[in-house]
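Colleague: Note that the protein sequences, when read in sequence, are chains A and B.
Here our numbering is used: position 306 in the first sequence is 306, and no number is missing along the way.
Whatever position you read off the second sequence (first residue = 1), add 1000 for our numbering.
Each statement offered as a hint is correct.
Computed footprint of chain A on chain B, listed as stretches where at least three residues anywhere in the stretch have a Cβ under 8 angstroms from a Cβ of chain A: (1) 1013-1022; (2) 1078-1086.
Footprint (simulated), chain A over chain B, 3 or more residues, beta carbon under 8 angstroms: (3) 1040-1051; (4) 1064-1070.
In short, the hints are calculated from the structure, not lab data.
Glycine included, each C-beta is placed from N, C-alpha and C at the ideal position.
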Amino acid sequence: MKGAAEIASAVNGRTASAVEVTRAALERLRAAEGRAHAFLQVFESEAVAAAAAVDARIAAGERLPLAGVPVAVKDNICIGPELYGGRTTCASKFLEHYESPFTATAVQRLIDAGAVIVGKTNMDEFGMGSSTEHSTFGPTRNPWDETRVPGGSSGGSAACVGAGVVPIALGSDTGGSIRQPAAHCGVVGVKPTYGRVSRLGLVAFASSLDQIGPLAGSVADAAAALEVMCGHDAGDATSARRAPLRMLADLDTPVEGLVVGVMRGVKGSANHPAVDAAVQSAADGLRAQGATVVEVELGLLEEAIAAYYIIAPAEASSNLARFDGVRFGRRAELKAGEGLEAMYCRSRGEGFGPEVKRRIMLGTHVLSSGYYEAYYATALKVRLKVREGFEAVFRGEGARPGCHVILMPATPGPAFKIGEKTTDPMAMYLEDVYTVSVNLAGLPGVVVPGGFAGEGAGRLPVGVQLVGRAFEEGALLRVGRMVERGRG
Amino acid sequence: MAEHQLTEEYVRRVAHLSRLALSDAEVAALRGEVSGVLGLFERLRGLDVSGVEGLPRDGVVDRSALADDVPGPVLGVDVLMRMAPDAQPPFIGVPKVLGDGGGA
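Chain A extracted, bound-state conformation (with noise of 0.2 angstroms):
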């Protein structure tokens, strides 16, 4: 499969067209779906149509970005009927039926920009879980050996993406549901600065969390899907006046005098040894390309995930109060007698999945009277000292110099087996301990493949995560090309 770049270049140069692309994407995508199940729709004529749009407007004398380049994007996004059918079901139940009257703002802008949406990717339903296996539509596979998860909740986007079925795939990461399963399928996955991404069009979770980022076979093609979807949306209450990101043109410019700092992992837990190996491989690359490398430590991990296990589930019982049967989705058939009051609770007990009511219950709990102090509140302390450990280690303390990165793993080990970890969930959580702290400080954070565990055709991708200061992704993604760079 081409990059980005090298479509985009061919459709706007008319050495290719759309068309062609956009078919040769679709019958990638169905050679791959039988064993993966990464899509939950696929839009066979609808991409094509779209293809011969872009087509056209390139006959008209339009140079597009994104020309041509096939897109799949995470059902958790909006897509609204007029070229796609609508449908954004969240992977749920609930919303099975539910077809969205507009387009998300990111989707949107790559639209404009030229990319074609070959179709809605499986997640982890609302977004909750690390694997994809809460997906009421049954588990995604992960493209590198399918008994195992690609993780999540982008799992399907990852998944297509790592399958080699699309160059982009949009997914959204709350707590690190884009970097954990892009460590896990060997591709590149960005979290953007919060604010930094409209979440207009995006089904919210826990609102102070979520960014849509995207997923890609390299960092360039990353870039340039993060290039054209960023930037204010007055439809956001939360996006961010800044310039626009322009990152593409010195993304091989190594960052001058750069200095990395390297947390290596939570005392007391071990990492899967090719973790801890992958870290190293790519501190020793950026050494190598003149980086100043130190150790550093950010404390609070481990009480970050207990934060962001407070903060997150109060946020998502809150949004999804709206899912009531009542204005959209679900609606549960009555018996004779049953009110109003019946009719809220088994449309939404029949209509969510266990991890969704899990994480519900967990958040009417921790919000409710003589419990909020102790946790809610308290988390919320927690985080704003999580922030300040990321700011001390970009500040700079003592002798040790400011660093542009931290570099650290992206989860403790790679993929784990389907059904290892339903019946824990505990166990699926921890998966998260590396990621949560970035979304909490409303870092960005990128996630590059580093290397693998174990060898020959039964090896497994292994990443590495770099997070940097706010809206610096220009910086994080140039790390993230020496990264690249460094392992050849």
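Given chain A, put chain B in place with the hints provided.
Modeller: Same frame as chain A, but now just chain B:
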């Protein structure tokens, strides 16, 4: 983590507050699972957060995002009606609230 073991009665109360109809099997499972996660929250106990000042949005929501509080465009009533499970324009049908159908 025995002190975090929630009672079945409490789980049912939280389910009601959450407006979730649960089967007996779900109540039993959630009792154990939610209790287990509450054990994770113990890590916050004893953590000194006394000096931490600020609003939750500080350091997360970029100040440049703050906008004037003015009405913006909204979806039309006809669009919203099309999404409702029981649309009876200009109303949305729900079970009877007064009389025998109450309880909300």
